[in-house]
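Enquirer: For this one, chain A is given, so just place chain B on it according to the hints.
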Amino acid sequence: MKKWLKIVLIIVAVGVVAAGGLIAYVYLKPHRDVSKEQGVQLSAQKIFDAFKTNEADANTKYLDKAIEMTGEVSDVTTNQDGNVVVNFKTNDPLFVINCTFKTNPGQLKPGQTITFKGICTGYIPDANVVINEGVLVK
Amino acid sequence: MKIFVSFIIAALFLLNTAEAQKVFGTRNGQISFSSASDQDVKAVNNEVASRIADNGQITFSLLTKGFKFKLAEMQDHFNDQYVESTKFPRADFKGTLVNLGEVNFSKDGAYKTSVKGDLTLHGVTKNITANGTINIKDGKPSVSCQFILVMKDFNIDAAKVTDKVTVDVSCQYQ
Chain A
1 MKKWLKIVLI IVAVGVVAAG GLIAYVYLKP HRDVSKEQGV QLSAQKIFDA
51 FKTNEADANT KYLDKAIEMT GEVSDVTTNQ DGNVVVNFKT NDPLFVINCT
101 FKTNPGQLKP GQTITFKGIC TGYIPDANVV INEGVLVK
Chain B
139 MKIFVSFIIA ALFLLNTAEA QKVFGTRNGQ ISFSSASDQD VKAVNNEVAS
189 RIADNGQITF SLLTKGFKFK LAEMQDHFND QYVESTKFPR ADFKGTLVNL
239 GEVNFSKDGA YKTSVKGDLT LHGVTKNITA NGTINIKDGK PSVSCQFILV
289 MKDFNIDAAK VTDKVTVDVS CQYQ
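Those protein sequences? They're chains A and B, same order as listed. With the numbering used here as the guide, the letters of the first sequence map in order to residues 1 to 138. With the numbering used here as the guide, the letters of the second sequence map in order to residues 139 to 312.
Calculated from the structure, these hints are not laboratory results. Bear in mind that the values here come from a model prediction, so they are computed numbers and not experimental data. Cβ atoms here follow ideal geometry from the backbone N, Cα and C, with glycine treated the same way. Please note that the accuracy of each hint is not assured.
When the alpha-carbon atoms are kept at most 27 angstroms apart in a straight line, the in silico DSS-like pairs for lysine-lysine are as follows [what the hints assert, rightly or not]:
#1 A/K102 to A/K36
#2 B/K232 to A/K109
#3 B/K206 to A/K52
#4 A/K29 to B/K206
#5 A/K61 to B/K225
#6 A/K29 to B/K278
#7 A/K6 to A/K36
#8 A/K138 to B/K206
#9 B/K278 to A/K89
#10 A/K61 to B/K278
#11 A/K52 to B/K225
#12 A/K29 to B/K298
#13 B/K225 to A/K65
Partial chain A-side listing against chain B, Cβ under 8 angstroms, derived [stated by the list, open to error]:
#14 P30
#15 D81
#16 V84
#17 N98
#18 T103
#19 P105
#20 Q107
#21 T121
#22 G122
#23 N128
#24 N132
Chain A extracted, bound-state conformation (with noise of 0.2 angstroms):
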């Protein structure tokens, strides 16, 4: 085989595996598993106040982070897409923590006290604190 041939084949090659790899880590790349990591505890009251006290502060502390977050359950609703959300009560009776979770976590009641793990992605003056993509954790 010519010498100019076989380098022309090898850039190709590279060429061809490179382009696959960018395909797959666009098409590929999993979503955030929050079952995986390690997340902030704290009380569903405590993220309220830290919000409530200084939204910038807390953005920088829990924004786009895991939180395990145990309070009581004000009501459980599903949204539209089928995935169930739990309120979580603080000391305002208009705020609440609006949890999503991405799998059933099964029967979930008014009053109950529970952990959930999910990603925080921000704070609603006025109605609530999100965090969702959540699991149950006890």
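Expert: Same frame as chain A, but now just chain B:
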């Protein structure tokens, strides 16, 4: 005595108007967007906090990190490069129903409507109008509407992917 009576009447009137204004809310409304030019640009947010009052005021708030894409890589790009979710975690809309007179909140039915107000996204506030429908069922409203969002209007540099997206809003209120 006269003053006392007029005070009572005024108080009753105030009470009455306070009662007349009804506010409905949800914490888990849905807002999704998609691009006609790139089928991978498709995401949904199921944690939209929204309130609608029968005086025509309507608000929506969502956290941009709450948008779920099918592709994790796309989701990261959206948050890190396009809407810069860490710097601007929230998007807010505050507006009013343009044709409030045609919507009867106490009568079941589907009412065509149009909503106009200020959308704040990526640190930029712009006035937008969206056409949609309000459905009243058993005294509870639900809203669906659609609008086109042009990326550069909100200083979002996503030219490599898409220059605009179609936004769909669907909220069921309690």
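Enquirer: Now look at each hint and say whether the structure bears it out.
Expert: The hints, checked one at a time:
1. A/K102 to A/K36: Satisfied, since the Cα-Cα distance of roughly 14 angstroms is no more than 27 angstroms.
2. B/K232 to A/K109: Given that 27 angstroms is the threshold and the Cα spacing comes to 34 angstroms, the pair is violated.
3. B/K206 to A/K52: This hinted pair holds, its Cα atoms lying about 26 angstroms apart.
4. A/K29 to B/K206: holds (14 angstroms)
5. A/K61 to B/K225: holds (14 angstroms)
6. A/K29 to B/K278: Violated, at roughly 41 angstroms.
7. A/K6 to A/K36: Distance ~46 angstroms between A/K6 and A/K36 Cα, so the pair is violated.
8. A/K138 to B/K206: Holds: A/K138 and B/K206 sit about 26 angstroms apart, inside 27 angstroms.
9. B/K278 to A/K89: At roughly 24 angstroms apart (the allowed maximum being 27 angstroms), A/K89 and B/K278 satisfy the hint.
10. A/K61 to B/K278: violated (38 angstroms)
11. A/K52 to B/K225: Roughly 18 angstroms between the alpha carbons, so the hint for A/K52 and B/K225 holds.
12. A/K29 to B/K298: holds (20 angstroms)
13. B/K225 to A/K65: holds (15 angstroms)
14. P30: At 6 angstroms from the nearest chain B Cβ, A/P30 passes the 8 angstroms test, so the hint holds.
15. D81: holds (6 angstroms)
16. V84: Nearest chain B Cβ about 11 angstroms off; hint violated.
17. N98: Holds, because the Cβ-Cβ distance from A/N98 to chain B comes to roughly 5 angstroms (cut-off 8 angstroms).
18. T103: Given a least distance of 15 angstroms, the restraint on A/T103 is violated.
19. P105: violated (16 angstroms)
20. Q107: Because about 20 angstroms separates A/Q107 from the closest Cβ in chain B, which is outside the 8 angstroms limit, the hint is violated.
21. T121: Result: holds, 4 angstroms to nearest chain B Cβ.
22. G122: Hint holds; A/G122 Cβ to chain B Cβ min 4 angstroms, cut 8 angstroms.
23. N128: holds (6 angstroms)
24. N132: Where the cut-off is 8 angstroms and the nearest Cβ of chain B is about 6 angstroms from A/N132, the hint holds.
Hint violations for this structure: numbers 2, 6, 7, 10, 16, 18, 19 and 20, all remaining hints satisfied.
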